[in-house]
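S.K.: These are the residues of each chain, in order.
2 protein chains.
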Amino acid sequence: MSEAAARRRGRGGGGAARRAERTAVNIETAKYIERNIPLFEVLNEEALDIIEQNAEIVLEEIGVNFVENPKALERWRNAGADVDGERVRIPRGLARELIKTAPSEYTQHARNPERNVVVGGRNLVCAPVYGPPFVRDMDHGRRYATMDDFEKFVKLGYMSRWLHHSGGTVCEPTDIPVNKRHLDMLKAHMTLSDKPFMGSVTDPSRAQDSVDMCGILFGEDFVRDNTVMTSLININSPMTFDEVMMGALEVYAENNQACIISPFIVGGAMAPVSVAGTLTQVLAEVLAGIAYSQIIRPGAPVIFGAFVTSIDMNSGAPTFGTPEASLITYGAGQLARRYGLPFRSAGSFNGSKLPDAQAAYESANSLNLGLLSGVNFMLHSCGWLEGGLVSSFEKFVMDADQLGALQNMARGVDMTENGQAMDAIREVGPGGHYLGCAHTQANFKKSFWRSELLDYKPFEQWAEEGERDTMTLANVKVKQTLSNYQQPALDPGIAEALDAFVAEKKASMPDAFS
Amino acid sequence: MSEAAARRRGRGGGGAARRAERTAVNIETAKYIERNIPLFEVLNEEALDIIEQNAEIVLEEIGVNFVENPKALERWRNAGADVDGERVRIPRGLARELIKTAPSEYTQHARNPERNVVVGGRNLVCAPVYGPPFVRDMDHGRRYATMDDFEKFVKLGYMSRWLHHSGGTVCEPTDIPVNKRHLDMLKAHMTLSDKPFMGSVTDPSRAQDSVDMCGILFGEDFVRDNTVMTSLININSPMTFDEVMMGALEVYAENNQACIISPFIVGGAMAPVSVAGTLTQVLAEVLAGIAYSQIIRPGAPVIFGAFVTSIDMNSGAPTFGTPEASLITYGAGQLARRYGLPFRSAGSFNGSKLPDAQAAYESANSLNLGLLSGVNFMLHSCGWLEGGLVSSFEKFVMDADQLGALQNMARGVDMTENGQAMDAIREVGPGGHYLGCAHTQANFKKSFWRSELLDYKPFEQWAEEGERDTMTLANVKVKQTLSNYQQPALDPGIAEALDAFVAEKKASMPDAFS
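Protein chains in written order, with the working numbering: chain A, 36 to 549; chain B, 36 to 549.
Calculated directly from the structure, the hints in this document are not laboratory data.
A portion of the hints provided could be inaccurate.
Which copy? The list can't say, so a pair holds if one copy fits it or any two copies do.
Unchecked claim - Pairs of lysine to aspartate or glutamate residues, derived as EDC-like cross-links and limited to a Cα-Cα distance of at most 16 Å, are as follows: (1) K540 x D84; (2) K481 x D347; (3) K492 x D347; (4) K541 x D247; (5) K514 x E95; (6) K480 x D347; (7) K480 x E278; (8) K514 x D347; (9) K222 x E531; (10) K540 x D458; (11) K481 x D119; (12) K541 x D210; (13) K106 x D247.
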């Protein structure tokens, strides 16, 4: 053996490194991000005023549609709106008045109180990808998602240090009937994780099932007095509120459970091709939606949502991590703060088919933006691939690792004497180095964020270990994490009651697959 | 053929798509970025005051070393500093007084006046990677860089729409003797591109050669009156100014040519493990370096530089795209603006061995930061790989494409009536779509930034075309760009004179390889 080879062998060859990778276990979860840094604001007061005035014009003169929902129309009429067929025109100032009862922040309880999150203020809560019908991993490629995949994503979320929330439809379990899968999804979040989660919104009865299952998990009295779910209510942009989503919102608001009221916008298709025009429409839609939530129950917790992507005008494909989406998101954050509402936007958005450089550029653009734009609830913060069609196992752990960078960035600058480090500069002086100085010894463990995934090795060692790219390292990490997974304890009586509820519900209706 | 297959064939199979990729030519260059958006400021006034006071203490009480440079010590003594051996202690306020003659912005002229750049103010000029001894591409892997590689990078830079500057040592041409390669590198920038470029700093005589070659290219009179180079002077942190770099600075400052005065910091090794401590040292070093440039020639153009990376305390490896480096860079930008100096920082930094997801996450973190922290000159804005050891062909075009996102983000929000798009919202109304409306038709071509590299195709088409990842698409783009390269015209007399200068210089000295 050559001396060089012996030296390499001595510091641990590929086999040793891979064995070490398999042994590290970590089920610590960081508290939600509390920003100690300012926010980035792209609009001045004059621009915000113009957008607000324009949104009022949209509400008053154009109006919004509440579709196939006579009760909603009745409620709006009673609240003072001008209702014409399904069109609801909201007089200037009425929506702003109605939303005043919405809280500026709320606590979403988890079954483990240490995992409770406070949504609003300077906080940022990160939840995983939501909604993809497909999954992808290196071993089996792209395929329809199943309940087995779903459970794996919930486990990965539970094990992810920088993920504060278990999310909702982390993928669509397409092997379970459409009308029953919400039961299995909720049970998975409730039993495989102890982080907070989201409820079903695909039918009002499923929203009610979600509330009922929370009654079993938390106790009915607790659920009556506390928020235990944050669920996603999309607005059918432009300016259309459909009866399914509104029906789910009605159930949640009546039960004091939180909803994200979120325009779903592919810019150029569902909104104008301009930033200011899109912000105007977003604001009008959110004002109408949140006003409606407060008509249902004043004080019901809600989030100002904005799902924003732009369009490739050559092909019509949605595009992600683009500058226009960034500008809209920064502006939307300012609008949310103007009304004192928690804000949801940004995420690990990208249009790539693989967890490759495109996926990472586009995701990083949006993740950074999420921190600086004041997002309070970041859905899709990890695992998103292919424009939201795919939940990617590898990308889940890649993004979840990057959330650690956001969390540490949010700590801001320590200006204490220790942070100023003048003693270190004196001790080391010109031409020295800081590796061994007292200040470094006292502080280095907490000074620098360190990826638990990415490659920091010297080239030679990396080459010896097989020239693995990020996707390959992530594949190792997925398997390692799932193999280290330990289910959080749950009262067996509660687990049985959840099983019984799900079994009874399933038995009460025929399977439906569309 | 099945109907589905026929339909796919009809919209152009893999072969047609690949042929189309080979035919698009583009040698347009965008003007440098003029920000129409605010900057992100992480430090408050109190923090800035503390750092300034601490930096003055460092300069006065600890001092900096000017190594093997008796003339510099003499100059400092004459300027009022306390010189003890090679240690220069600068009384409180002296450095701040001396730097007042440094301009807040300057024009760097290119031989094509349309490519002139104004460095400072709200502008951002992007230049490529600088310094790697290795190159990498998909076809030949990682290898020592040669002059042939160098020329290819200059050509790629010339052809890149969002790159405003040709850079300097885009890779080290290791097949040319160390003492002669600056001649070939400069000639390549001067003849293969018409964008502005950087001069040699590896020896004062090579800086003088750079000035002399510019005399040939621009005319000696022109060079006497105008800045035609921006060159990189690294400070040997902590607080050491070596004779080679200072010698080059002396040549450039005497000739009114611009220099970046840049601490080179791997946090935890060359600076304290804290953000505030590092900023203090950065400020002290830059103040000393820029003060020295103004002692040489008051009014010489200079840039406040900050090359900042953190360290992995487990392995000692430098790490990139980290939150601590971000905080330091944001703070350094604020300090540069406090002194009215142009600012250099950020870039396509990453520690990955491949242009994969790690490379892209880390690079995107830093590129976004570059825009929002107020960087005026972004060196390494494309092509950086493996901690700066490698210039990557594929990554060059990947990053250069992302610079387009920065350029479009910098445009900010159009608040004109057209930008407000109220007519579009009225025209479309609830439940409609904007694709065909008048406002969209009038605006869509300029509304959304569009990547010229990344994949926006439907999954099926992408699969049919070979499931190419970003690196593979970039490899295609590199070859396409080089094959489309057209050399910008140059007066044959100037080209001959440059050849003659280089030949004569080379003949005047023996080869040196270290």
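S.K.: Hint by hint, note whether the structure agrees.
M.R.: Outcome of the hint check:
1. In this assembly of identical chains, the alpha carbons of K540 and D84 never lie at most 16 Å apart, being 50 Å within a copy and 65 Å across copies at closest.
2. In this assembly of identical chains, the alpha carbons of K481 and D347 lie at most 16 Å apart only when taken from different copies (11 Å versus 43 Å within one copy).
3. For the homomeric pair K492 and D347, the shortest alpha-carbon distance between copies (10 Å) is at most 16 Å, but the shortest distance inside one copy (38 Å) is not.
4. Proximity of K541 and D247 under a CA criterion of 16 Å is satisfied intra-copy only: 14 Å inside one chain copy versus 84 Å between copies.
5. With identical chains, the CA atoms of K514 and E95 are never at most 16 Å apart, being 54 Å at best within one copy and 56 Å at best between copies.
6. Taking identical chains as interchangeable, the C-alpha atoms of K480 and D347 lie at most 16 Å apart only when they sit on different chains, with a minimum of 10 Å there against 45 Å within one chain.
7. For a Cα distance limit of 16 Å, the shortest separation of K480 from E278 qualifies neither inside one copy, at 53 Å, nor across copies, at 36 Å.
8. Taking the closest pair of Cα atoms, K514 and D347 never come within 16 Å of each other, the shortest separation being 36 Å inside a single copy and 25 Å across copies.
9. Taking identical chains as interchangeable, the C-alpha atoms of K222 and E531 lie at most 16 Å apart only when both belong to the same chain, with a minimum of 11 Å there against 78 Å between chains.
10. Neither within a single protomer nor between protomers do K540 and D458 lie at most 16 Å apart by alpha-carbon distance, with minima of 67 Å and 49 Å respectively.
11. With identical chains, the CA atoms of K481 and D119 are never at most 16 Å apart, being 61 Å at best within one copy and 37 Å at best between copies.
12. When the C-alpha separation of K541 and D210 is checked against a cutoff of 16 Å, the pair qualifies only within one copy, where the shortest distance is 14 Å, while the shortest distance between copies is 73 Å.
13. Neither within a single protomer nor between protomers do K106 and D247 lie at most 16 Å apart by alpha-carbon distance, with minima of 23 Å and 83 Å respectively.
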